[in-house]
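Asker: Chains W and Y, in that order, give the protein sequences.
Numbering of the first sequence is given in this note's numbering, commencing with residue 30 and proceeding in unit increments.
Numbering of the second sequence is given in this note's numbering, commencing with residue 1127 and proceeding in unit increments.
Since the hints were made in silico from the structure, they are not lab data.
Glycine residues also receive a C-beta, built at the ideal position from the N, C-alpha and C atoms.
Hints may contain errors.
DSSO-like cross-link-like pairs, simulated, lysine-lysine; straight-line CA separation at most 27 angstroms [unchecked claim]:
#, chain 1, residue 1, chain 2, residue 2
1, Y, K1199, W, K115
2, Y, K1379, W, K217
3, W, K648, W, K612
4, W, K544, Y, K1250
5, W, K225, Y, K1247
6, W, K217, Y, K1166
7, W, K648, W, K628
8, Y, K1146, W, K217
9, Y, K1247, W, K452
10, W, K456, W, K434
11, W, K544, Y, K1146
12, W, K47, W, K228
13, Y, K1337, W, K217
14, W, K471, Y, K1247
15, W, K456, Y, K1209
16, W, K231, Y, K1199
17, Y, K1379, W, K115
18, Y, K1250, W, K217
19, W, K217, Y, K1199
Chain W is nowhere near these chain Y residues, computed Cβ spacing over 10 angstroms in every case [to be verified]:
#, residue
20, E1142
21, V1149
22, Q1185
23, Y1210
24, T1232
25, G1249
26, K1337
27, A1343
28, K1347
29, W1363
30, P1382
31, A1394
32, W1457
A few chain W positions that, by computed beta-carbon distances, are all more than 10 angstroms from chain Y [claimed, not checked]:
#, residue
33, T70
34, R98
35, H155
36, A206
37, K235
38, K434
39, Y450
40, M548
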Amino acid sequence: MKRQGYPFAAALGMEKAKEAVLLALVNPRAGGLLISGEKGTGKSTLARGARELIDAPWTEVPVSVTEDRLFGSIDAEAAVKLGKRKLQPGLVNEAKDGILYIDDANLLRDNILNAVLSIREAGGYHLERDGLSEQRETGYTVLAVMTPESGTLPASALDRFGLFVSVEPETDGEARAEIVRRVTEYEKDGAAFRAKWEKETKELAKKIADARALLPTVEVSDAMIRLSSVYTMKANTAGHRADIYLIEAAKAKAALSGRNYVTPKDLERAAEFVLPHRMRDLPPAEQPEPTQSEPPEQKEQQTPPPEPDNREELFSQPDAPAPQETETESHEGNQEEQPKDESMTNPNTSSGDRVDAADMRVQLPPVWVEPTKGRQKKSGSGKRSATRTDERQGRYVRAELPRSKTSDIAFDATLRAAAPYQKWREKNGLALAIRSEDIRSKVREKRTGNIFLFAVDASGSMGARERMKTVKGVILKILLEAYQKRDRVGMIAFRKNQAEVLLPVTKSVDFAQKKLATMPTGGKTPLAKGLEKAEDVLDTIYRQDPLQDPVLIVITDGRATTPLVPGGDATAEAMNEAERLAKRKLPVAVIDTENGFVKLGLAKKLAKKMEASYFRVDKLSEDSLLRVWRKMSR
Amino acid sequence: MKRQGTFPFTAIIGQEDMKKALVLNVVNPRLGGVLIQGEKGTAKSTAVRALADLLPPRQCIQGCRFHDDPADKSNWCDECHEKYDNAEPPVEELPMKVVELPVSATEDRVVGTLDIEAAIKEGKRSFETGILADANRNILYVDEINLLDDHVVDVLLDSAAMGINTVEREGISYSHPARFSLVGTMNPEEGDIRPQLLDRFALSVYVAGEKDLDRRAEVIKRRLSYEDDAEAFIAQWAEEQKNEVHRIQRAMKLLPQVTTSNDILRMAASISIALEVDGHRADITLIKTAETLAAVDGRTETTKEDLREAARLALPHRMRRRPFEEQKLDWETVDKVIDA
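Between the sequences and the hints, there should be enough to build the whole structure, so can you do that?
Answerer: The structure is reproduced here in structure tokens:
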């Protein structure tokens, strides 16, 4: 369906983004463009408007794309009608010498996005499918849009975009009013509005065409190459990719200005688009990082590698563009027909002036390789989701070519895969002939994210009120952040002679706000009771969904002053409860809030008994608590 | 089994905001939908389903799977372009529909997929439409939208953005128009909705149970009388329903003529800036809502009061949320800008 969209030229403001689009369109070697911006800034409208500016194939990758359409598969119609084995081209072939457009790039599955970007870098790929083996060359410019709020891109993908621009909404009232005026005018009569802007659109298209014609003659002096290195070194970028993109973008800039040589000004402008997403921060200043000790007897159950907590920051520390490891071992036990891992070296390697050698290896998605960074990984700990994939847990969300022998067959997709061949295949009296290459397996996704249960000491010790407020703040923050992961949170407070579920496990911010409106504090510390209550809640969760692994976060100084039974030893009872909890083998964190001169180290002991991760904080703050939460979410 | 007639829209007591928001979306299908939030049992679903009886008939190209508008050539599907680019398309009148998207829908049901029958019989790969095709030029209704699976939300966002559903799966490459008014209902106590999806709704309204004793009794009385004898009850409201349909049709005719002054445009922008809402969608929605309100009221010029009313419907769900704060619209700021 041909789109009669909002004209590129009529998009008001966004001058930087417009300039970036032009650079990307003029020079495919500038590495494509990623446009980022909050919702409703018109970034998609702008990007899609680019379609009219260039006389080249325009291909869109929807989020629901399947691999066979993306990379190509056997042409069933040709097989049936002509009896010929022929590959039907995929989107990456159809986009050859044109634009591959991805709206909501951050919603696309990571492995698909990575493959699209690697194939572009390598200029081709090797397709191994349904008994056909083909080397295919292709090249395209990736134009992608993302809303950071709904999830970020993995650093490895980010780094592969040559250009990056972030779009801010207009802040000037008059300009905003003009935007509304234009958009409502366009919506009332699209054809008339487009006609009004046709002249500008044509002029822009001509400008781009002229620049594209001029581009091959644009020269880059040695001095300019040196200057570009100064820029990239200053930005502390990884590898040499940035240098190449910077020079290519500067060439596009020169060509757009009608010049056949690059000036320092061109480089400076280009740097604004090439460097921001690959600039690496210096290591963050020392922070009072909570110490984490792992009891020796602890299993690998919940030991997230101590990584810096900067997943949520878009631009910090992009990984070096190391090619992902191909994980062939995951295919053992596969039959012969199973497509194998394939990677290839770019036939153009000899020219050697585009990207560094490490990038020449192509990774192809699920059929061929294991993704190194799956979407699930963000929501659950690596270990937990890994053990889970084999269990038939979660809802069936889509089908894919099985990565290994599967019994979790997606019958609908399998039937669809086999259907076009039915007229052709020998059926031996069966209604349908299904071959192993038709088999598709189910991809399942957990409907809910993790459950976090906080058990907090609300007794009269110093700072109880402050502590409770901090926990409340963190719970609300988690819930506000949890739309994507659908995490749920609950809270238990123990004080006086009782432990109380202040917040039943929920994912609703509204509900949490209501429930946590008042939080009584004061009294003695029934630690054992608190842990007992936690067990009760965990039991209920287990009954509802035995496959859940809730995370328990206990905030205490370890001191217990109220026994379960009058006259009992409160501390010993708490330790007993802790041991019982340990038997559950659940991820537990103990946050030790003990302060003052004399430290008894009881919380540490408690953590050991519970086989929990132990964190010590001098002062409980939202930041330190959120850090612990992030560690535990992996 | 004969399906019992639905409870008449006009017989619903109270819930004026909800009813107004729904009617606005019928009058202006390009407005952008409404999210209805409220507790259980507050007639949310009843109202949306009842809306079906008020939906006016509109011109469609006969036989088109996407019921393309013969007058809106730029949004025709490929098949219509192929057949009627050089010929007059046959036209039929079909009423607008409420198309339901069940929370448990799978991706292929939503976007459409390979037509398995054609594939088996003829070895041909052809496209079988999904819910998004049905939804074109109709109302797409999702009950408990906050419980919708993320991947379905992704797909919805993808097509809602540009009004086109692009399908690249299982050997099928197809795209077709998918412009719909998204209507969602949810109970916020059962979990939140993703901000990106929230932002797609033009309007949002909160409904609560009726607090007035007499009116509460009347709600129950009507419900009982409907359950007793639905046909008689519906007949009793027929006149009222007809009037409402008439009012909607009149407003639809008037809408293209409604204009907005520069003052009001600037006011809308100032409100959005003062309230620090994300992006430009708020401004655009404010104006579209104000224009539709004017049309419903039988006027061709938007007023300050239209804008105030539009702010009430279009802004509450766009306020930034912060811990310890209820997501609330800052009324004083809105009034200050409008009355300045």
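Asker: Next, verify each hint and record whether it holds.
Answerer: Hints, verified against the model:
| no. | hint | verdict |
| --- | --- | --- |
| 1 | Y:K1199 to W:K115 | 36 angstroms, violated |
| 2 | Y:K1379 to W:K217 | 13 angstroms, holds |
| 3 | W:K648 to W:K612 | 30 angstroms, violated |
| 4 | W:K544 to Y:K1250 | 58 angstroms, violated |
| 5 | W:K225 to Y:K1247 | 49 angstroms, violated |
| 6 | W:K217 to Y:K1166 | 38 angstroms, violated |
| 7 | W:K648 to W:K628 | 15 angstroms, holds |
| 8 | Y:K1146 to W:K217 | 22 angstroms, holds |
| 9 | Y:K1247 to W:K452 | 7 angstroms, holds |
| 10 | W:K456 to W:K434 | 24 angstroms, holds |
| 11 | W:K544 to Y:K1146 | 32 angstroms, violated |
| 12 | W:K47 to W:K228 | 17 angstroms, holds |
| 13 | Y:K1337 to W:K217 | 41 angstroms, violated |
| 14 | W:K471 to Y:K1247 | 26 angstroms, holds |
| 15 | W:K456 to Y:K1209 | 39 angstroms, violated |
| 16 | W:K231 to Y:K1199 | 22 angstroms, holds |
| 17 | Y:K1379 to W:K115 | 54 angstroms, violated |
| 18 | Y:K1250 to W:K217 | 40 angstroms, violated |
| 19 | W:K217 to Y:K1199 | 14 angstroms, holds |
| 20 | E1142 | 23 angstroms, holds |
| 21 | V1149 | 20 angstroms, holds |
| 22 | Q1185 | 17 angstroms, holds |
| 23 | Y1210 | 15 angstroms, holds |
| 24 | T1232 | 7 angstroms, violated |
| 25 | G1249 | 4 angstroms, violated |
| 26 | K1337 | 19 angstroms, holds |
| 27 | A1343 | 29 angstroms, holds |
| 28 | K1347 | 32 angstroms, holds |
| 29 | W1363 | 35 angstroms, holds |
| 30 | P1382 | 7 angstroms, violated |
| 31 | A1394 | 6 angstroms, violated |
| 32 | W1457 | 20 angstroms, holds |
| 33 | T70 | 5 angstroms, violated |
| 34 | R98 | 4 angstroms, violated |
| 35 | H155 | 20 angstroms, holds |
| 36 | A206 | 4 angstroms, violated |
| 37 | K235 | 24 angstroms, holds |
| 38 | K434 | 22 angstroms, holds |
| 39 | Y450 | 7 angstroms, violated |
| 40 | M548 | 12 angstroms, holds |
Hints 1, 3, 4, 5, 6, 11, 13, 15, 17, 18, 24, 25, 30, 31, 33, 34, 36, 39 from the earlier list are contradicted by this structure; the remaining hints agree with it.
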